[in-house]
Amino acid sequence: MAETKEKLLQVKNLKKYFQISRKEVLQAVDNVTFDVYKGETLGLVGESGCGKSTTGRTIIRLYQPTEGQVVFDGEDISGKLSGKAKKQLSRRMQMIFQDPYASLNPRMMIKDIIAEGLDIHHLSKSKKERMNRVYEMLETVGLNREHANRFPHEFSGGQRQRIGIARALAVDPDFVIADEPISALDVSIQAQVVNLLQELQEKKGLTFLFIAHDLSMVKHISDRVGVMYLGNMAELASSDELYEHPLHPYTQSLLSAIPVADPELEHSRERIILQGDVPSPIDPPGGCRFRTRCPFAMDICAKVRPKWHEVEKGHWVACHLHDEGITPDSNKEDLAIAKP
Amino acid sequence: MDNLLEIKDLNVRFNLFGAKVQAVRGVSLHLKKGETLAIVGESGSGKSVTSKAIMGLIPNPPGEITSGEILFEGHDLVHYSNKQMQKIRGKEISMIFQDPMTALNPTMKVGKQIMEGLIKHQKMSRQDAKKRAIELLRLVGIPKPEVRVNEYPHQFSGGMRQRVVIAIALACNPKILIADEPTTALDVTIQAQILDLMRELQKKTGTAIILITHDLGVVANLAQRVGVMYGGKLVETGTLEEIFYRPKHPYTWGLLSSMPKLHAKTDKLLAIPGSPPDLSDPPKGCPFAPRCPYAMKVCTEQMPEYTYLSDTQRTACWLLDKRAPKVEPPETIGVGGE
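Chains H and Z supply the protein sequences, listed in that same order.
Residue numbers for the first sequence follow my numbering, so the first one is 2 and each next one is one higher.
Residue numbers for the second sequence follow my numbering, so the first one is 3 and each next one is one higher.
Hints were generated in silico from the structure; no laboratory data involved.
Errors might be hidden in some of the hints.
Computed footprint of chain Z on chain H, listed as stretches where at least three residues anywhere in the stretch have a Cβ under 8 Å from a Cβ of chain Z [as the list claims (entries may be wrong)]:
#, stretch
1, 167-179
2, 208-221
3, 257-264
Please read these numbers as outputs of a predicted model, since none were measured by experiment.
Ideal placement from N, C-alpha and C gives every residue a C-beta, glycine not left out.
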């Protein structure tokens, strides 16, 4: 499916390290490579501390990448950027944040929040045009014109998230990074926001990077899904392929760990329960970072970091069990138990 | 009847500045020995307030139990004094809180926090209590408990802290364990560990669990019976199978179909339009009526009575009245089962 499509964003060997003290370095993102095609939704999932948010924030240049390349529409945006270039970038790339309570300035009126991007980029010629654009955006996200003169505290969480979406889309971006846009919302409101995002994508041909920890929601909204673990990308495939034929043991255990809202299925299926916790990204295990919790860990996993490669068309994985030429200790049938 | 706990027509009100919030409005529930009852609902549905009322943890003022009974082994807890409640809390009924980061005292060794209840309620000596604390830590799956008993909460990870919280809750072998969103703050793989632990511990100790959550997946995993709350009211209750496969209330339908299915393809989620009611001015009729696609005139005027669909399932909805039109649930409901 993706073969014929244009690459909008290419992330190559991206690294983001944080110096947290003189001696310690936190490797938040370490060598992540993936592409985002025009018009698709790429989901990024993983547990807290896996680097999914850092990846998103590094792409949009809230952080300066430590190493690696980010190519957006043919242009390298990972190096030093001038203020002007950054500004241009922010017109085409926007972000929706997780917490709708913290991401709106409580002292600004909704119209000014939504029009902030328009003002910065001088996109409206007159006051009237500016207001029209604000009204249009409010209506697009399912709010009313009358809401323009109110303040954020007058809105519920779901409505605030809609305002955040309106603000991101006001400048007509091509690419939107949604960082856990629904995890602060109630279940019935989550569905509203997800439906809205999907509608807007269809209407405006947007490309999404959807970052979340809720795998079932990510599966629902994404065309392709990448699974991250401790700063590394573990697996990337189309969402159906990933959920039906997960190759990486981490993906398998993650899938089997999600409780399903279906009692019979929930009680009958087998699960792989991972032991222990995620190690610290300050001093991650050598070799494969997942080996300390992996039920299939081999000797090689401690020594060599698995290569990120394409096993099947469009299905990427970094795991020694799926290296070419290496026969896994455990047989393949063992690996299949995660399937429902 | 061997009902361990019975709540009858409970009403809880918060008197805030200028507004009186009716957080719980006429909830009746019961809990049997050794079973797990899940209470599901969105934020503001009254599920947490109900559980706090059982524990006698409603701050007064502003909170107030205006009417109703909470019968624990036949005794009404509503009229218990604070002193009497202290004998119940932690000993007979204990609680696991949502956020393990704030539920523990950061300045106290975890061992001491576990021992507190043992010394107070079971009159154990310090040495015995410490031994028991180590035993409990081992029970909840913390490696090297002899060492960790002397550590502080910040030395534990999120999942480990939740295990400590569970150990504290189980210290005195309570008859009822109230778990308020026990896994919401945790990652999925850690959540799976904690759910497994809770199920195992219940088998070993026979404690009855009241599980408060909004995650229907967790409910399916752990519960035997389910109560669905909306706008301070219990709109539907039944066994796990009844609620998931034969739900009758439109809110339960909406809740079930607004979640994407992991194992099946869904094109579009059926979202529930609108937002939950403001309980400082609760609607006169059914609280769900403004968002309900099947709402009739009567729904906005009068709260429906419960219709008993089986010994275990009851639903408060006008659609179940004889005079109401027949309505089919959305297609996504009732797949599986039977």
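We went through each hint and held it up to the structure:
no., hint, in the structure
1, 167-179, "violated (count 0)"
2, 208-221, "holds (count 6)"
3, 257-264, "holds (count 8)"
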